[in-house]
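Assemble the whole structure, with the sequences as input and the hints as a guide.
Protein chains in written order, with our numbering: chain A, 5 to 118; chain B, 3 to 117.
Hints are computed from structural coordinates only; laboratory data are not their basis.
Idealized CB from N, CA, C, for every residue including glycine.
Don't take each hint at face value.
[What the hints assert, rightly or not] Partial list, derived from the structure: chain B residues whose beta carbon lies under 10 Å from chain A:
id, residue
1, Ile6
2, Pro10
3, Phe35
4, Gln39
5, Gly109
[Said to hold, decoys possible] Label-pair ranges, simulated between beta-carbon atoms:
id, chain 1, residue 1, chain 2, residue 2, range
6, B, Gln16, A, Gly20, 40 to 50 Å
7, B, Gln40, A, Pro11, 18 to 28 Å
8, A, Pro22, B, Gln16, 24 to 34 Å
9, A, Glu68, B, Lys67, 37 to 47 Å
10, A, Ser32, B, Ser55, 43 to 53 Å
11, A, Leu86, B, Gln43, 39 to 49 Å
12, B, Gly54, A, Thr24, 42 to 52 Å
13, A, Asp13, B, Asn74, 37 to 47 Å
14, B, Gly42, A, Ala5, 39 to 49 Å
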Amino acid sequence: AQSVAQPEDQVNVAEGNPLTVKCTYSVSGNPYLFWYVQYPNRGLQFLLKYITGDNLVKGSYGFEAEFNKSQTSFHLKKPSALVSDSALYFCAVSLNTGFQKLVFGTGTRLLVSP
Amino acid sequence: SAVISQKPSRDICQRGTSLTIQCQVDSQVTMMFWYRQQPGQSLTLIATANQGSEATYESGFVIDKFPISRPNLTFSTLTVSNMSPEDSSIYLCSVSRGQKQETQYFGPGTRLLVL
Numbered sequence: 005a006q007s008v009a010q011p012e013d014q015v016n017v018a019e020g021n022p023l024t025v026k027c028t029y030s031v032s033g034n035p036y037l038f039w040y041v042q043y044p045n046r047g048l049q050f051l052l053k054y055i056t057g058d059n060l061v062k063g064s065y066g067f068e069a070e071f072n073k074s075q076t077s078f079h080l081k082k083p084s085a086l087v088s089d090s091a092l093y094f095c096a097v098s099l100n101t102g103f104q105k106l107v108f109g110t111g112t113r114l115l116v117s118p
Numbered sequence: 003s004a005v006i007s008q009k010p011s012r013d014i015c016q017r018g019t020s021l022t023i024q025c026q027v028d029s030q031v032t033m034m035f036w037y038r039q040q041p042g043q044s045l046t047l048i049a050t051a052n053q054g055s056e057a058t059y060e061s062g063f064v065i066d067k068f069p070i071s072r073p074n075l076t077f078s079t080l081t082v083s084n085m086s087p088e089d090s091s092i093y094l095c096s097v098s099r100g101q102k103q104e105t106q107y108f109g110p111g112t113r114l115l116v117l
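This is how it looks when you write it as structure tokens:
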């Protein structure tokens, strides 16, 4: 069975600084990996995904993530944080063999201070 | 992506009652999903709803408690039956898109409080 770990409950960063939100995964095959963001009182918004190909994937709002197979990681990054990036971020994984259940991590709250 | 709406956006209900949540998609989709997000928690899949077949429930969720309808390719409902305060959660529907139906897009959620 697949699982996702987000080791940090909260990440604090100053506006303009780079940010990283960590995610590691465990699957028995090749993974599909996703990042979603949840703003207060809102649903989940899709940010980006890794399916195959380049290990560095770019998504919405200037976010990117790097797939590292040897470390089984898919960390979310942004070169310069904005206060408006403050939200709850979820990493998720599924297997790439037909439809597989999407399994979510516990979420990381990102706080960007002015 | 997909444009997904849910009704109601929020509700406050008394224990023992039932609430039906609607999910509407702007285009036809094969697979729809219902999730629960308990306060301060991550998302947990309740069931997968395919048009023309019975919903498939995840471990810990049963049809008597969470009956689901999927009458066509753009609409689904989830009913939370005989509610208790433990059912207070955000309920989200999602649809899958992409070449292999690998990417899920979510509705805005229904925030439920049971007193």
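Taking the hints in turn, this is what the structure says about them:
Taking 10 Å as the C-beta cut-off, the interface hint given for Ile6 (chain B) holds, the closest approach to chain A being about 8 Å. Among the interface hints, the one on Pro10 (chain B) is violated; its C-beta lies about 14 Å from the nearest C-beta in chain A, farther than the 10 Å criterion. The beta carbon of Phe35 (chain B) comes within 8 Å of a beta carbon in chain A, closer than 10 Å, and the hint placing it at the interface holds. Among the interface hints, the one on Gln39 (chain B) holds; its C-beta lies about 9 Å from the nearest C-beta in chain A, closer than the 10 Å criterion.
For Gly109 (chain B), the interface hint holds, the least distance from its beta-carbon to any beta-carbon of chain A being 5 Å, beneath 10 Å. Checked against the hint of 40 to 50 Å, the pair Gln16 (chain B) and Gly20 (chain A) passes, with Cβ atoms roughly 49 Å apart. Checked against the given bound of 18 to 28 Å, the beta carbons of Gln40 (chain B) and Pro11 (chain A), roughly 21 Å apart, stay inside it. Hint check: Pro22 (chain A) to Gln16 (chain B), Cβ distance near 49 Å, so the stated range 24 to 34 Å is violated.
Between Glu68 (chain A) and Lys67 (chain B) the CB atoms are about 41 Å apart, so this pair conforms to the stated range of 37 to 47 Å. At roughly 27 Å, the beta-carbon separation of Ser32 (chain A) and Ser55 (chain B) lies outside the given 43 to 53 Å, and the hint is violated. At roughly 27 Å, the beta-carbon separation of Leu86 (chain A) and Gln43 (chain B) lies outside the given 39 to 49 Å, and the hint is violated. Roughly 44 Å separates the CB atoms of Gly54 (chain B) and Thr24 (chain A), a value that falls within the hinted 42 to 52 Å.
At about 41 Å, the CB distance of Asp13 (chain A) to Asn74 (chain B) agrees with the hint of 37 to 47 Å. A hinted range of 39 to 49 Å is violated for the C-beta pair Gly42 (chain B) and Ala5 (chain A), which are about 24 Å apart.
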